[in-house]
Amino acid sequence: MNELLVASIIHAVVGGILIGIASSLMLVFNGRVTGIAGIYNGILSFVKKDTAWRVAFVLGLVTSGIIGFRLFPELFINQSGRSLVAIVVAGLLVGFGTVLGSGCTSGHGVCGIARLSIRSLVATLAFMASGFLAASIFEYYF
Amino acid sequence: MELKKYLYQVISAFIVGLIFGVGLIISGMTQPQKVIGFLDLLGSWDPSLMFVMLAAIPVHFISYRLIAKMPSPILDWKWHYPTKKEITKPLVIGSILFGFGWGVGGYCPGPALVALGSGALNVIVFLISMTIGMWFFGFLNKRIKFNR
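Which chain is which? The protein sequence lines are A and B, in order.
One point on numbering: in our numbering, the residue at position 55 of the first sequence is 876, and numbering is uninterrupted.
One point on numbering: in our numbering, the residue at position 122 of the second sequence is 108, and numbering is uninterrupted.
By construction, these hints were calculated from the structure, which means they are not laboratory data.
Treat the hints with caution; some may be incorrect.
[Stated by the list, open to error] Here are the simulated SDA-like cross-link-like pairs (lysine to any residue), alpha carbons at most 25 Å apart as the crow flies:
#1 B/Lys55 - A/Arg936
#2 B/Lys64 - A/Leu846
#3 B/Lys(-10) - A/Asp871
#4 B/Lys55 - A/Leu942
#5 B/Lys(-10) - A/Ser866
#6 B/Lys131 - A/Leu942
#7 A/Lys870 - B/Ile48
#8 B/Lys(-9) - A/Ala877
#9 A/Lys870 - B/Ile(-3)
#10 A/Lys869 - B/Lys55
#11 A/Lys869 - B/Pro59
#12 A/Lys870 - B/Ile60
#13 B/Lys131 - B/Glu72
#14 B/Lys55 - A/Val876
#15 A/Lys869 - B/Glu(-12)
#16 B/Lys64 - A/Phe867
#17 B/Lys71 - A/Met949
#18 A/Lys869 - B/Arg134
#19 B/Lys(-10) - A/Val876
#20 B/Lys(-10) - A/Phe867
#21 A/Lys869 - A/Gly852
#22 A/Lys869 - B/Glu72
#23 B/Lys64 - A/Ile842
#24 B/Lys128 - A/Gly863
#25 B/Lys(-10) - A/Thr872
#26 B/Lys64 - A/Thr872
#27 B/Lys55 - A/Gly852
#28 B/Lys55 - B/Thr69
#29 B/Lys131 - A/Thr872
Could you build all of it, start to finish, from the sequences and the hints given here?
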């Protein structure tokens, strides 16, 4: 295996462990599942006493990005070459799809599967399959 | 006392967001070209991002087993687990649509919110569209009432 791939895998494992720890802390302290699409979407519906912690969580994510970007800007550069039109379409699909499908990579893919939820397993298989399909088609034709 | 608990929940959520965000940055999820390199099976496939889930799931699997034995979470009176069990059409169709958007843009919601910290235009555009997509669902759901 080449060294770059090994380094990438080590980064992925370390990052994944942190994601697992963060989800565990959310459960043990707040009693909640760390589904990011759901947490963010909950802000839009403005339920009293249920908004502040959601905003705080999202601010935590953004703050990690502000600090991370200062230290390692290269980890944030978008070199995918996707046009803004593609990004708009992607955003609409991700927003609509995650709410209709009750979750995203974090809620279904990590928290749900870790709790052995069949619903989350099905959802994860579905979005992984269509993700593979969409990226492969897009890269091949555009 | 009640207000104090809510305040602690807010602080805890912020710290969880920070740690989760650092995890996403280290893992490479905030680089759309890396995500697309993982999802594009026809190119020179980069399998590394598979290990994000493969590492996160066992950590949370073990912690969940331990946490589930507690009578209540530390900062709340009750658990907020999702309760739905059936496999519904909206679950599958929504997930397929999400996956498509993920493969096209290279961003899922978490990494996009983290990458907002870079102030890049494409992330802002993605997040505005994502929010419109969610809002549009809410609009439709008031009329159709999806059985999610």
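Results of checking the hints against the structure:
{"no.": "1", "hint": "B/Lys55 - A/Arg936", "in the structure": "holds (13 Å)"}
{"no.": "2", "hint": "B/Lys64 - A/Leu846", "in the structure": "holds (15 Å)"}
{"no.": "3", "hint": "B/Lys(-10) - A/Asp871", "in the structure": "holds (15 Å)"}
{"no.": "4", "hint": "B/Lys55 - A/Leu942", "in the structure": "holds (23 Å)"}
{"no.": "5", "hint": "B/Lys(-10) - A/Ser866", "in the structure": "holds (24 Å)"}
{"no.": "6", "hint": "B/Lys131 - A/Leu942", "in the structure": "holds (24 Å)"}
{"no.": "7", "hint": "A/Lys870 - B/Ile48", "in the structure": "violated (30 Å)"}
{"no.": "8", "hint": "B/Lys(-9) - A/Ala877", "in the structure": "holds (15 Å)"}
{"no.": "9", "hint": "A/Lys870 - B/Ile(-3)", "in the structure": "holds (14 Å)"}
{"no.": "10", "hint": "A/Lys869 - B/Lys55", "in the structure": "violated (29 Å)"}
{"no.": "11", "hint": "A/Lys869 - B/Pro59", "in the structure": "holds (20 Å)"}
{"no.": "12", "hint": "A/Lys870 - B/Ile60", "in the structure": "holds (18 Å)"}
{"no.": "13", "hint": "B/Lys131 - B/Glu72", "in the structure": "holds (17 Å)"}
{"no.": "14", "hint": "B/Lys55 - A/Val876", "in the structure": "violated (29 Å)"}
{"no.": "15", "hint": "A/Lys869 - B/Glu(-12)", "in the structure": "holds (14 Å)"}
{"no.": "16", "hint": "B/Lys64 - A/Phe867", "in the structure": "holds (21 Å)"}
{"no.": "17", "hint": "B/Lys71 - A/Met949", "in the structure": "holds (20 Å)"}
{"no.": "18", "hint": "A/Lys869 - B/Arg134", "in the structure": "holds (23 Å)"}
{"no.": "19", "hint": "B/Lys(-10) - A/Val876", "in the structure": "holds (17 Å)"}
{"no.": "20", "hint": "B/Lys(-10) - A/Phe867", "in the structure": "holds (21 Å)"}
{"no.": "21", "hint": "A/Lys869 - A/Gly852", "in the structure": "holds (18 Å)"}
{"no.": "22", "hint": "A/Lys869 - B/Glu72", "in the structure": "violated (29 Å)"}
{"no.": "23", "hint": "B/Lys64 - A/Ile842", "in the structure": "holds (21 Å)"}
{"no.": "24", "hint": "B/Lys128 - A/Gly863", "in the structure": "holds (15 Å)"}
{"no.": "25", "hint": "B/Lys(-10) - A/Thr872", "in the structure": "holds (16 Å)"}
{"no.": "26", "hint": "B/Lys64 - A/Thr872", "in the structure": "holds (17 Å)"}
{"no.": "27", "hint": "B/Lys55 - A/Gly852", "in the structure": "holds (12 Å)"}
{"no.": "28", "hint": "B/Lys55 - B/Thr69", "in the structure": "holds (17 Å)"}
{"no.": "29", "hint": "B/Lys131 - A/Thr872", "in the structure": "holds (23 Å)"}
In the structure shown, a violation is registered for the earlier hints numbered 7, 10, 14 and 22, in ascending order.
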